[in-house]
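Start from the sequences, fold in the hints, and give me the full structure.
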Amino acid sequence: MVNIGEWENAEPGVKRKIFAPGERLMMMEVHFEAGAEGYLHSHPHEQMSYCLKGKIQFVINVIMGRV
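Residue numbers for the sequence shown follow this note's numbering, so the first one is 1412 and each next one is one higher.
Worth double-checking, as some hints may not be accurate.
As the list claims (entries may be wrong) - Below, simulated SDA-like cross-link-like pairs (lysine to any residue); rule was C-alpha separation at most 20 Å, straight line:
1) 1464 <-> 1444
2) 1426 <-> 1415
3) 1464 <-> 1449
4) 1428 <-> 1441
5) 1428 <-> 1457
6) 1466 <-> 1449
7) 1426 <-> 1413
8) 1426 <-> 1459
9) 1428 <-> 1447
10) 1466 <-> 1447
11) 1428 <-> 1459
12) 1428 <-> 1473
13) 1466 <-> 1439
14) 1426 <-> 1447
15) 1464 <-> 1454
16) 1464 <-> 1448
17) 1426 <-> 1441
To be verified - Using C-beta positions, here's what the derived DEER-type ranges look like:
18) 1434 <-> 1466: 30 to 38 Å
19) 1456 <-> 1419: 13 to 21 Å
20) 1418 <-> 1472: 23 to 31 Å
21) 1457 <-> 1416: 18 to 26 Å
22) 1438 <-> 1470: 14 to 22 Å
23) 1434 <-> 1464: 25 to 33 Å
24) 1416 <-> 1473: 27 to 35 Å
25) 1435 <-> 1461: 16 to 24 Å
26) 1472 <-> 1417: 28 to 36 Å
27) 1473 <-> 1417: 27 to 35 Å
28) 1425 <-> 1456: 14 to 22 Å
I should point out that these hints are in silico values taken from the structure, not numbers from a laboratory. For glycine and all other residues, C-beta sits at the position ideal for the given N, C-alpha and C.
Next comes the structure, spelled out in structure tokens:
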């Protein structure tokens, strides 16, 4: 369940606050503890990010498979 405007634990060391999601764009604030990583995932909508402090590494448009 998504709680709009409330902080929630997303993953270990990661918390987020989702602002009013639109039909094609979601905006949220995310805090990562030092060394925390987000799980690899995808979105049906557009997602935009910016970093206020520190550094982030991210992946865009990855196709995963196993052979």
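Consistency of the hints with the structure:
1. 1464 <-> 1444: Judged against 20 Å, a Cα distance of about 12 Å means the pair holds.
2. 1426 <-> 1415: holds, 13 Å
3. 1464 <-> 1449: Holds, because 17 Å separates the two Cα atoms, which is no more than 20 Å.
4. 1428 <-> 1441: Holds, because 7 Å separates the two Cα atoms, which is no more than 20 Å.
5. 1428 <-> 1457: With Cα atoms ~17 Å apart, residue 1428 and residue 1457 stay inside 20 Å; holds.
6. 1466 <-> 1449: holds, 14 Å
7. 1426 <-> 1413: holds, 13 Å
8. 1426 <-> 1459: holds, 17 Å
9. 1428 <-> 1447: holds, 17 Å
10. 1466 <-> 1447: holds, 12 Å
11. 1428 <-> 1459: holds, 14 Å
12. 1428 <-> 1473: violated, 25 Å
13. 1466 <-> 1439: With a Cα-Cα distance of about 18 Å, the restraint between residue 1466 and residue 1439 holds, given a limit of 20 Å.
14. 1426 <-> 1447: holds, 10 Å
15. 1464 <-> 1454: Not satisfied, since the Cα-Cα distance of roughly 24 Å exceeds 20 Å.
16. 1464 <-> 1448: Holds, at about 16 Å.
17. 1426 <-> 1441: holds, 6 Å
18. 1434 <-> 1466: 30 to 38 Å: Distance hint for residue 1434, residue 1466 holds at roughly 32 Å.
19. 1456 <-> 1419: 13 to 21 Å: holds, 18 Å
20. 1418 <-> 1472: 23 to 31 Å: Holds - the Cβ-Cβ distance for residue 1418 and residue 1472, about 29 Å, lies within 23 to 31 Å.
21. 1457 <-> 1416: 18 to 26 Å: holds, 20 Å
22. 1438 <-> 1470: 14 to 22 Å: holds, 20 Å
23. 1434 <-> 1464: 25 to 33 Å: Hint holds: Cβ distance 31 Å, inside 25 to 33 Å.
24. 1416 <-> 1473: 27 to 35 Å: With a Cβ separation near 30 Å, residue 1416 and residue 1473 satisfy 27 to 35 Å, so the hint holds.
25. 1435 <-> 1461: 16 to 24 Å: Given range 16 to 24 Å: holds, Cβ gap about 19 Å.
26. 1472 <-> 1417: 28 to 36 Å: 30 Å Cβ-Cβ, so the 28 to 36 Å window holds.
27. 1473 <-> 1417: 27 to 35 Å: holds, 30 Å
28. 1425 <-> 1456: 14 to 22 Å: At roughly 19 Å between Cβ atoms, residue 1456 and residue 1425 fall inside 14 to 22 Å, so the hint holds.
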